[in-house]
Amino acid sequence: MQRRMAVALLALVGLLLSVYLTLHQLGMLGALACGGSGSCEKVQASRWAYVAGIPVAAFGVGGYLAILAAALAGLQDRWAEQVTPARWLVLLSSAGVLFTLYLMALEAFVIHAWCRWCLGSSVIIGLIFVLSVLDWRATRAAAQPSLSS
Amino acid sequence: MAAGKSLTPFYIALAVIALGGGALIASGAFRKAPPPLTLDTVGPLAQGPRGVLIGSDSAKIEVWEFSDFECPYCARFAILSMPDIRSRLVETGRVRWRFVHYPLQGHTKSPTAHLAAACANEQGRFWPMHDQLYEGQDAWTTARNLVGALGEVAERAGLDRGRYDACMNERGTAWGRVLADKSLGDSVGINGTPTFFVNGRQVPDILTYDRLRALTDSLAPLAPAAPARR
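From first to last, the protein sequence lines stand for chains Z and C. Numbering of the first sequence is given in the numbering used here, commencing with residue 1 and proceeding in unit increments. Numbering of the second sequence is given in the numbering used here, commencing with residue 1001 and proceeding in unit increments.
Excised from the complex, chain Z in its bound form (with noise of 0.2 angstroms):
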């Protein structure tokens, strides 16, 4: 239960981030606060920062709103003990992982820049990932007794 309660708010920061960034590529935000590096904007202004014509963090958008109505949906009586809510914790925090690594690629290998909010919502999705997992292995270690029975 605690795991799930941390991956919801790990989640709403995560999202709360992907709104920012996500903002400021659509022009409604001045510079973004980046300590003057310009690294930053050098990444947001790249061509990469768009998938098929879509602002990058806007997939952190959704993607961080999924996994908070799943972490919140786990936390219902209803779905408490069940693995299901785990299972698609870890389905959508891998995804995101996978996503994350690829744009880490992007600003090691391409753009040769390093964005300091892209980095935080790396380290935010990593700890979801591993917390999801957990959880999954608990949630599915608690459940297993019944079933045999």
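Honestly, the hints are just simulated from the structure, not real lab data. Mixed in with the good hints, there may be bad ones.
Some chain C residues near chain Z, calculated using beta-carbon distances under 7 angstroms [as the list claims (entries may be wrong)]: (1) 1010; (2) 1017; (3) 1021; (4) 1025; (5) 1145; (6) 1148.
Some residues of chain C that are not near chain Z, with every Cβ distance over 12 angstroms (derived) [as the list claims (entries may be wrong)]: (7) 1127; (8) 1203; (9) 1214; (10) 1218.
The beta-carbon is built from N, C-alpha and C at its ideal position, and this holds for glycine as well.
Mind docking chain C on chain Z? Use the hints.
Showing chain C alone in chain Z's frame:
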């Protein structure tokens, strides 16, 4: 489990984070996003000489170029003719060149680009920025995030990004220089870009290296030296 009771502190924490983060983003949106720069954006008109000057004080020919960074004809001139003019006429001391900011009405992204160039000038990097703006014109004029795209141009031009960002946000002296140049162009009746004046006389067409070379050869013996206006 008694979800309603035991989850209450968690929901409160969630709400606090959501409200706090939302407020931070909203304040950033309201504080950090200055209204889009237009030719109607007021600023203190800069005093002193107009334009950005390169070339020798002793050159007998002075060219004034009224130009717009969003104008494709200006880009063509900057890319095709200006390198030859700069290396063979300006750097050899035959011609002194003055670039005058003249963002045209209707070119909605041009004012911001001129501000970026004026900010580059404050770092002594106007000409690298000038070159990058024209070479990358297609990219930044079509960018969804103009400020971000121009920031990338500034980096390619070798600007100190911290100082550049501060200048762009401040819109102070640098914007005043753009406005002062624009005002000068209006006062002499500029109605298109690029427009050139050679020793005070308007050239009826776009300059090329060959044409300026010929003008230089014909004017140099006749015209008095243009006063140096630094």
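Open item on the list: Does residue 1010 of chain C hold up as a contact with chain Z if the rule is Cβ-Cβ below 7 angstroms?
Closed with: With a closest approach of 5 angstroms, the residue 1010 of chain C hint holds.
TODO: Identify whether the interface hint at residue 1025 of chain C stands, where standing means a beta carbon of chain Z within less than 7 angstroms of its own.
DONE: holds (5 angstroms)
TODO: Check the non-interface label on residue 1218 of chain C: least C-beta distance to chain Z beyond 12 angstroms or not.
DONE: Consistent with the label, residue 1218 of chain C stays out of reach of chain Z, its closest Cβ about 46 angstroms off (over 12 angstroms).
Open item on the list: Does residue 1203 of chain C clear chain Z by more than 12 angstroms, comparing its Cβ with all Cβ atoms of that chain?
Closed with: Holds: least Cβ distance 37 angstroms, greater than 12 angstroms.
Open item on the list: Please check whether residue 1145 of chain C passes as an interface residue: C-beta within 7 angstroms of a C-beta belonging to chain Z.
Closed with: holds (5 angstroms)
Task: Hint validity - residue 1148 of chain C Cβ closer than 7 angstroms to any chain Z Cβ - done: holds (4 angstroms)
Task: Restraint check, 7 angstroms cut-off on beta carbons, for residue 1017 of chain C near chain Z - done: holds (5 angstroms)
Task: Reported absence of residue 1127 of chain C from the contact zone with chain Z (all CB gaps over 12 angstroms) - done: holds (21 angstroms)
Task: Beyond 12 angstroms from every chain Z Cβ - status for residue 1214 of chain C - done: With a cut-off of 12 angstroms, residue 1214 of chain C remains clear of chain Z, as the shortest Cβ separation is near 42 angstroms.
Open item on the list: residue 1021 of chain C was flagged as interface toward chain Z. Is the shortest Cβ-Cβ separation under 7 angstroms?
Closed with: holds (4 angstroms)
The structure meets every hint from the earlier list without exception.
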